[in-house]
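Trainee: Residues per chain are reported as follows:
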Amino acid sequence: MRSFRWLAGLLLGLCIALPAMAHKASDSYLTLTRPGAETGEIDVRWDIALRDLDNAITLDSNGDGEITWGEVRTLRAEIAAYALSRLDISAGGAPCNLAVRDQLIDRHSDGAYAVLLLSVHCAQTAPSLAVDYRLLFDVDPMHRGLLQYVAGGETRSIIFSADAHTQALGAVTAWQQLAAYVHEGIWHIWLGFDHILFLLSLLLPAVLLRRGGAWQPAESFRAAFWDVARIVTAFTVAHSITLTIAALDIVALPSRWVESAIALSVVLAAANNVFPVVNRGRWIAAFGFGLLHGFGFANALKNLGLPAGSLALSLFGFNVGVELGQLAIVIVFLPLAFASRATRAYRTIMLAGGSAAIAAIAGIWLIERALDLKLITG
Amino acid sequence: MLRVLIALGVSLVATVAVLPAAATPYLPGADAEVLERLPEKNDASLRDLKRLRTALKQNPGDLALAVRFGKRAIEASRDSGDPRFLGQAQAAMLPWWPLADPPAPALLLRATVKQSNHDFEGAMADLDRLIAKRPGDGQALLTRATVLTVLGKYDAAHADCASIARLTLPLVVAGCMAAPASLSGEAGEAYAALTDALAQEPRADAGLREWALTLAGEIAERRGDFAAAEKHYRAALAIDSRDPYLIAVFSDFLLDRGRAGEALSLINDQTRNDNLLLRLALAEAKLPGARMAFETHRQALADRFEAAHRRGDSLHRREEARYRLWIENDPKVALNLARENWLVQREPADLRILFEAASAAADTATLREVSAWTAAHRLDYVALQTAPGGRR
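In order, the protein sequences belong to chains P and A.
Numbering-wise (our numbering), the first sequence opens with residue 1 and increments by one.
Numbering-wise (our numbering), the second sequence opens with residue 1 and increments by one.
Read the hints as simulated data drawn from the structure, not as lab findings.
A partial selection of chain P residues facing chain A, derived with a Cβ cut-off under 10 Å:
id, residue
1, 24
2, 27
3, 59
4, 65
5, 69
6, 112
7, 138
8, 141
9, 157
The calculated label-pair distances, taken between Cβ atoms and stated as ranges, are:
id, chain 1, residue 1, chain 2, residue 2, range
10, P, 82, A, 34, 20 to 28 Å
11, P, 371, A, 26, 53 to 61 Å
12, A, 295, P, 117, 30 to 38 Å
13, P, 33, A, 26, 17 to 25 Å
14, A, 242, P, 57, 30 to 38 Å
Since we're looking at a predicted model, the values are computed, not measured.
All C-beta atoms, glycine included, are put in the ideal place defined by N, C-alpha and C.
Next comes chain P alone, as it looks inside the complex (with noise of 0.2 Å):
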């Protein structure tokens, strides 16, 4: 059924019954490929009709109705200027960089389109991507835009259009979800080197005793490894307190205060063990500074973007993974440093050289972060 095109110069020629879906409607296809979620680079091909190009920024320059690549070629960078406008991928909050590393045409059953070869180097490595996709809704709403999303060995398909044009990828299973971030938990204990030096500070005189005024090997294993469990323990407890709370937003401190309170802590805390004033009860400071650095593991986290829906899976994958990555740190170091404990090297070396050597590097940082000056990276 259909009505009449109008007199008078209303002509609307209106067909129901036989739907507009001759020719393939407009649509550009999206491949994403990630080789690991450890990594930020991400390889994109993006497929253009060129029929579609010409309707946003005129391909036809000669206007015979023809587009040849002498047309396309001479476009080049406006083609890819007119597409990456239109596409944002994100990782973790933080926006990637996208590059159109070649262009080529490629023959579809509707006609010619353009390959658009991306690279994507993403900053943070967060196991979900954002993707903002803008093309052609402007010229022609009905446009679609198709994301084939190839990670870790699995496919999944993405409709954007209008009314949807952002959406989240990578989102997987609770499991997938929680083991990403207790990885990125453990990386981030290991990688941030200020977490691991304050903790070597407190933990390089837990095999010893200050006894009058000297330090003596501790007697028992069993008292070490007691000593050193209340100290991991009041530190873990404590920044799980400031990074729960400061993730849901419920206090916020300027990362540029928290950073340098971080780096002078790193100083205290290894300044004590070579001009020891706090002797007992190091477990205090654990706490006290503990507090500090969870402020810090809450910055990396939101780096890497906190999903919504399931923000309490992710802290807490999150604050497993320090805790292993701290626990993988004293596993290593407790049979050692109390192997070594009664030899003099371990006194003068370790605990003193190498805490002198921390208190320097923590305070360079300290000068860095409060002056926000970069003299050695940290």
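Fit chain A to the supplied structure of chain P, relying on the hints for placement.
Mentor: Coordinates of chain A only, in the frame set by chain P:
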């Protein structure tokens, strides 16, 4: 016979055009290599359309220009069956698309775009608002009557047609009335009124006559007067031999009469239009000599439905149901599609595929539903009275 052979040859050549090519991107060698022929290459009106679009891009807020472009783009989408033009029409309306109460011309065009996308609810809302504002807007009333007829609301459609009686030509009014009347127990009267109006206005606008003749052919065909139907279709074809709607309707008629060869030569090379590609494949399925072309077109159809699914389109359920039933012999899937389609639109063709799929799937509940609808509306439609299979 010669015509059939020529048509077969043409459809073989067309076959090559729809073959999926290898998906290996390449770097063309020469600047002169033509990568794409745009639809305006051989069509002056589409060249005009492109110029209008360029002008509109410089003045996107110009309502008069946007409406002018939008109407032309909708016409282009109808003539070519190319959905990109419909998208462009919608794009022209973007400044007015989100508004609750845009100016009347924008409202009408917005309703037309929505209706073309089978958003009948949205179209009705816009048309109701427009007609409340301008009760004498003939185009709005005619458009609403069309939508109401598609939705099976024949009384309301009839009322809208009655209210344009004094606004326009008797032939337009007769056509407007004939559509709902012929589906609600007054097919004979509607047909007589329409053919009378046609006889009285031999010099009416060609487009108007083509539309009215096609409608008369459809009513005659439903009533079983195939000789009259063919006469009307042929008269309409003499006015516009490339109208995809007419070609689809007439090729269905020919397929029903077992004249697949004629259907083939009628559709000829219009394989870019999926609706016509479906009829072409249905015709080739009946012609032993068209085996190869049939296989290719069957694959092309499968690819196009697959592509529509990939982009989340559900506009083409009726066509896909026919494809599933008669080409893939899958009555169950066909019936599901036909049922989903029937929830959205209720034209005779929608009822027919529902009937055919339900018969093939031996779904007595659905068949009872079809009978109930036919009885309730006193629908005069011979294709629903015999066992299906004529179009195979």
